[in-house]
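Enquirer: Top to bottom, those sequences are chains A and B.
Everything in the first sequence is counted per the numbering used here, starting at 148 for the first residue and increasing by one.
Everything in the second sequence is counted per the numbering used here, starting at 10 for the first residue and increasing by one.
Warning: the hint list may mix true and false statements.
As the list claims (entries may be wrong) - Computed from the model, here is a short list of chain B residues facing chain A with C-beta under 7 Å:
| id | residue |
| --- | --- |
| 1 | 61 |
| 2 | 76 |
| 3 | 102 |
Simulated from the structure, these hints should not be mistaken for laboratory data.
A quick note: this is a predicted structure, and the numbers were derived from the prediction, not measured.
Where is the CB? At the ideal position from N, CA and C, for every residue including glycine.
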Amino acid sequence: MSTSVFAPRSGSRNKQRSNFELYGWLFMRVSGIILIFLVLGHLFIMNILDGGVQRINFAFVAGRWSSPFWQIWDLSMLWLALLHGGNGMRTIINDYAERDQTRFWLKMLLYVSTAFIIGLGTLVIFTFDASIG
Amino acid sequence: MSVKTPGFSLRATPIGTLYRGGEGMWTWVLHRITGVSVFFFLFVHVLDTALVRVSPAAYDEIIATYKTPIVNLLEVGLVGAVLFHAFNGVRIILIDFWSKGPRYQRQMTWVIAAIWLLVMIPGIYFMMIHTIDALFGSTS
Ligand code: HEM
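Chain A on its own, in the form it takes in the complex (with noise of 0.2 Å):
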């Protein structure tokens, strides 16, 4: 059985090159980094010191959101792990959609909600109110 295979950096597709996959790949590695001490800290504190996730309610989320540090972590990790993981997904949709179609709409599916949830994460961070009660 015989397959022929183009020629590298030949056809239409590589006429207009970019760096934008290049710039993806650093950045799902040094977001990963940064989401090491975010992610594993977050989890550490939440599930695991003082009793878990038995103690977390409503005046917890108060007490640690009045300090500027926690407002920044948690944003932080907010942005980073939903661009990673937004990023991971986009490259895992190239991977199985094969239809154009369907990856058009899957991606638009995938940029939407992702804008959705961060826009949404955001302005809970910036407008918690403690006194609501």
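We have chain A; now place chain B with the ligand onto it with these hints.
Expert: Same frame as chain A, now just chain B with the ligand:
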């Protein structure tokens, strides 16, 4: 998948490839599955946390579900998935950037498996202490 090629036989893990067969392939599969699972959980988690903008009662009610035995067990699974993804992410980064990374990728797989177990065993204990107590509870 078995490939029969006349004349020579294929090793289970061919030399010089990272992703075809063996540890390299299965860690890739697991990295993908854990990445997708954590991504979907994150959507749900931002939505449940957003209830702090609705009312303290609404938030406390949703958080109460996290304290039930079944969801507690799911959380243990989630932590296990994140830990694998994070440790294997470090392995991927070392394969890419450390000159000896590709040569030691298999050994690194067993190192991350060992670290995972070392973290998970006490982790499971501390995460489930309350559930175990509630289910089989001694009253002490
Ligand atoms: C905790 C620290 C984390 C590290 C060190 C890490 C590291 C990585 C690395 C190195 C990649 C590989 C990219 C590539 O092969 O080009 C990756 C892929 C991915 N990550 Fe993470 N990640 C972390 C957290 C997360 C989180 C929180 C999510 C979910 C929101 C996530 C979702 C994904 C997805 C969906 C992929 C794509 C998988 C694939 O293409 O097979 N990761 N991660």
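Enquirer: Please go over all the hints and tell whether each is borne out by the structure.
Expert: Hint-by-hint comparison with the structure:
1. 61: holds, 5 Å
2. 76: Where the cut-off is 7 Å and the nearest Cβ of chain A is about 6 Å from residue 76 (chain B), the hint holds.
3. 102: OK, holds: residue 102 (chain B) within 7 Å of chain A, min 5 Å.
Checked against the numbered hints listed earlier, the structure breaks none of them; every hint is satisfied.
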